[in-house]
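Enquirer: As you go down the protein sequences, you meet chains S, Z and F in turn. With the numbering used here, the residue at position 12 of the first sequence is 12, and numbering never jumps. Every number in the numbering used here is 1000 more than the matching position in the second sequence, counting from 1. Every number in the numbering used here is 2000 more than the matching position in the third sequence, counting from 1.
Calculated directly from the structure, the hints in this document are not laboratory data. The structure displayed is predicted, hence computed values, not measured ones. Check each hint, because a few of them may be wrong.
To be verified - Short derived list, chain F residues pointing at chain S, Cβ under 8 Å:
#, residue
1, A2207
2, A2211
3, I2218
4, I2221
5, L2227
Said to hold, decoys possible - When the alpha-carbon atoms are kept at most 25 Å apart in a straight line, the in silico SDA-like pairs for lysine to any residue are as follows:
#, chain 1, residue 1, chain 2, residue 2
6, Z, K1138, S, L12
7, Z, K1135, F, R2116
8, F, K2055, S, R158
All C-beta atoms, glycine included, are put in the ideal place defined by N, C-alpha and C.
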Amino acid sequence: MNGVILGLTLRLLVRQRRTLLLVILAALPVALALIFRLTGGSMDTNPDFAAGIMAHFIVALVLPLTALVVGTAALGQELEDGTFVYLVAKPLPRWRVVLAKVLAAWIVVAGVVVPSVVLAGVVILGGFQGERLIPAFVVAVLAGSLAYAALFLSLSVRFGRALIIGLAYVFVWEALISQFITGVRFLSVRAYTLGIAEAISDSPSRLLEVSLGATPAVILLALVCVGATAYAIRRLGGYQMSERV
Amino acid sequence: MTTPTIEVSGVSRWYGNVVAVNDVSFEIRPGITGLLGPNGAGKSTLLHMMAGFLQPSSGEVRVLGEASWRNAELYRRMGIVLEREAVYGGLTGYEFVLLNARLQGLADPHDATMRALDLVEMGPAKDRRTGGYSKGMKQRIKVAAAIVHDPEVLLLDEPFNGADPRQRLHMMDMLRRMAAEGRTVVFSSHILEEMERLGDGVLVIVAGRLAASGDFRAIRRLMTDRPHSFSVASTDNRGLARALVGDPAVAGVQFQDGHLVVRSDDFGRFTVQAPRLAREAGITITEIAPLDESLESVFEYLVQR
Amino acid sequence: MTANDRTAVEGASNIYDLGYRRYDGVRLGRWWAVLALYRESLRGAFGLGRSTAAKVAPLVLIGIALVPALIQLAVGALVPADLEIIRASEYYGGIKYILALYCGVVAPDIAGRDQRNRSLTLYFTRAISRTDYALGKLAAMTTAMLLITLVPQVLLFAGNALSTQDFGGYLADEWTQVAPIFGSALVGSLLIASIGVAIAALTPQRAFATAGIIVAFILPIIVAGILVFEIDADATRYAVFISPLDVLDGFTAWMFGEPAATDTAVHEAGFALWAYAVVGLAVSALASLLLIRRYGTVQA
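Pulled out of the complex, with its shape left as it was, chain S reads as follows (with noise of 0.2 Å):
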C-alpha cells in the first residue's frame, strides 16, 4: 500500500463527473423507497419489498454499474491515458501501487452504495425491528464492493475494453446466464454477496433464486479479491511501453 497514490487516486476518482452520476444512480432506491412509503406501503403491506430493493436493485445494479465505471477508472485511466508512466518509474514495487489502487476504489464503490442501502432501508424499515436487512446488507455490500473492485480493476490491467467487457458480465452473465444455469451460479459475485447477506440477515423473503451458503460464499468472494488483485500485480509487473505511439 502506498498513501500517496490511495490519495492521489481517491482525488482523481471523486473529482470525475462521472461519480456524479453514479450518486445520482444510488440516490434512486431512496427515491423508490420513498415513494413507496409515501404511497403507504410499509413492511406490513409489502413485506418483501424492502429486501427486493436491496437485492434486485441495490446489489444487482447499482453496486456493480458502480463498481464497474469506479474499478476501471481506477488504474484504466492513467494506463489510457499514458499518466501511469508516473507511477511506474518509481522505485515502488508494482504490489503496492496496486493495492493503493484497489483500496481507492473500495473506498469510492462502498461509500457510494452503502449509503444507498442504509437511507432506503431507514425509509422503507421505518421502526421496524427484526430481519437484520440493513447490517446483513451494509456487509455484504462491503464485501461485495472489494471483489467487484478488484475484478474490474484488474479486468482494465489486461483489456483496454474492460469497461464493455466488464457490461457484458453484469448484464448478460450475471443478469442472465447464471441465473438460468444452476451449475454456475458459483462463478457470479453476485451471487456472494447476497449469499452473505442472505446468511446475516433474518428475513423470510428469498433473496437468491437458489441459496448460496455462507461459508462458501465467503470463501469464493475472498477468493476473487485476492486472485483479481494478484493478477493486476502479476501483469503490471511486466508492463511494457507500446511502441504504437
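Got chain S; can you put chains Z and F on it based on the hints?
Expert: The following block gives chains Z and F in isolation, referenced to the frame of chain S:
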C-alpha cells in the same frame, strides 16, 4: 577508463515481423549524448529500453551497472521524460512535481519540488493547473518532475518538440549544466541543429541499426568514400585552381561567387598540399573552410547508406 | 529535328501545361451526400472494411435475437399440435435486453466514430448541413435496428407460413399480421435508434456511450417495474412510460390489436394501448431534436 553509465549490448527488439532495433551495441558515459535518427528509426524504442519500459527481445541493457528491465530501485537514480506522456491535468504544476517527489520517497519533498521548479523556470506558474499549460510549459514541468530526485541519469525523448526557440535554448543550457555536474544525459532528436549544439557525442540510428557513433565531425572524416568540399578564397583564384587541379588529392574545382569550391577525396593530403601549392604559386590563401562538415551532410550520407 | 527522328508518339512534340485544374463536371446534390453518409455509417457499424472482430458483435446479437423465432419454427415443425411459444406481438418483449445491447454496441459506431477520429470537420465542410448529418446518422441507425427487429419477425411469419401445408391459406388468414409487423418494427426501430444515437453523439468514447445506452434502456425497465408492480399506486402506474422498451411493448400490442402480455408492466399499468404509440412517437421526436441540437453545437 571509467565504467560506462549505460551499456547496450547486442540489443534487438522486434514486434512480430517488424524489427525496430537491430543488434545495436554502444556505451554511454557521463556528459550529453544525442540519439539521432529519422522518424521511426528506433530511437524511442532504444530509449524505452534504457528506461526499463520495454524488454529487449535479445541482448541486454544495463544502466549504472544493473539491468534496467524490471528494476524499480534503479529509478531512484534515473529520471525519464518521454514524449507521449500526458500529465495529471487536474493537479497544479507544484502538486504534480510534489507527487513525483513523494513517490520517489524523498526526505524533503517540498524543498526538492521548489528547487526543481526553479531550475525549469516554472516557479511563477506553479499554482496553475497543468491542464491549462501550453505545450512548452507541460514539457518543462515534466522535466522538473524527472529531475526532482536529483538523478544521475536523465533520459529525454524528443525534449525539444514543440518548444519555442527561447525555451529550447534555456533547456539546452540546463542540460549542459547538468552534464557538467557529472550526470549522464541522453536525449533523442531528429532535428539536426539541436544535436549540433548540444551533443558531445552522437549515436546515429537508422532503420533500427547503429549507423555511426562518436563526435560528428570525426564521423565526417571517416566518411572516406565521399569527397570533402572546401571553400577557398585567394588573391588569384584561377591561378590557384590551376595549381590545385594538378594534385591527385583534388577531385574537382568549381568557380563560384568569387571563390573556389574544391572537392577532395583525401582530406589529409589536401590539407597539407593546398597551402604548399599556393605558396609555390605565389598566391595567398585568404580563406579556407570546410563546407560539408555539418551534421546534416553526415546525416544525409548515413541515412542513404 | 530531322526527318529521321522517329518516335512512337504521333504528331509534333509538345509540353502540356497541366497546372491546377478545376472540376467542371456534374456535381451531385445534397441528397447524394446524405446517402453517402448513410451508407458509410452502416458499413462502419457492421464492420465492413474493418477487422473481423468488429463484425462479430452486431451479428452475434442479431443471431441471438433470431433464437425465439427459430425455436418456434422448430417446435412447429416437430410437434404436430398448434403450439405457440412466442407470439409476434410479444416478440420484442422477449428480446428486449438484446435490443438494448445491440443498440449499445452499434450506436457508438454510427454516431461516435467520427468524433473519435476527428473527421467531423470533414463532414461539416462539405455539401451537407449539420442537420442533414444528424438525420443521416439517425436513418442509418434506424436501418441497423430494423435488421434486428424486422428480420426475426419476418422469419417467424414466413417460417410459420411455410411449415403449414397450406401456404396460401395461411397467408389469407394471417395477412393482417403483415402491416403490424412492419409498423411495429419501424416505429420500434425509430424509437430505440433515436435514443441510442442521441446518447452516442454525446461522447466520442465508445465505452461510455455503450454503458450510457444500456443503462438508459435497462434501468427504466427495472425502475418502472418496481414502481408499477411493487408499489402499484395510482400515480406510480405512469412510470411505465419512462421505459422505452415497455413503451415498445405497448404500441406493438396496439398495432397487432391484441392485449399486452399478462406479465408485463404494460398490462399491469392498464393504460389504453394507443397511448403508447403516442408516447413512442413523441419520445422519438424529442430524441431526434436533441440529436440535431447536439450536432448543431458540437465543435468539429
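Enquirer: Find the hints from earlier in the document that the structure breaks and name them by number, from lowest to highest.
Expert: Number 4 only.
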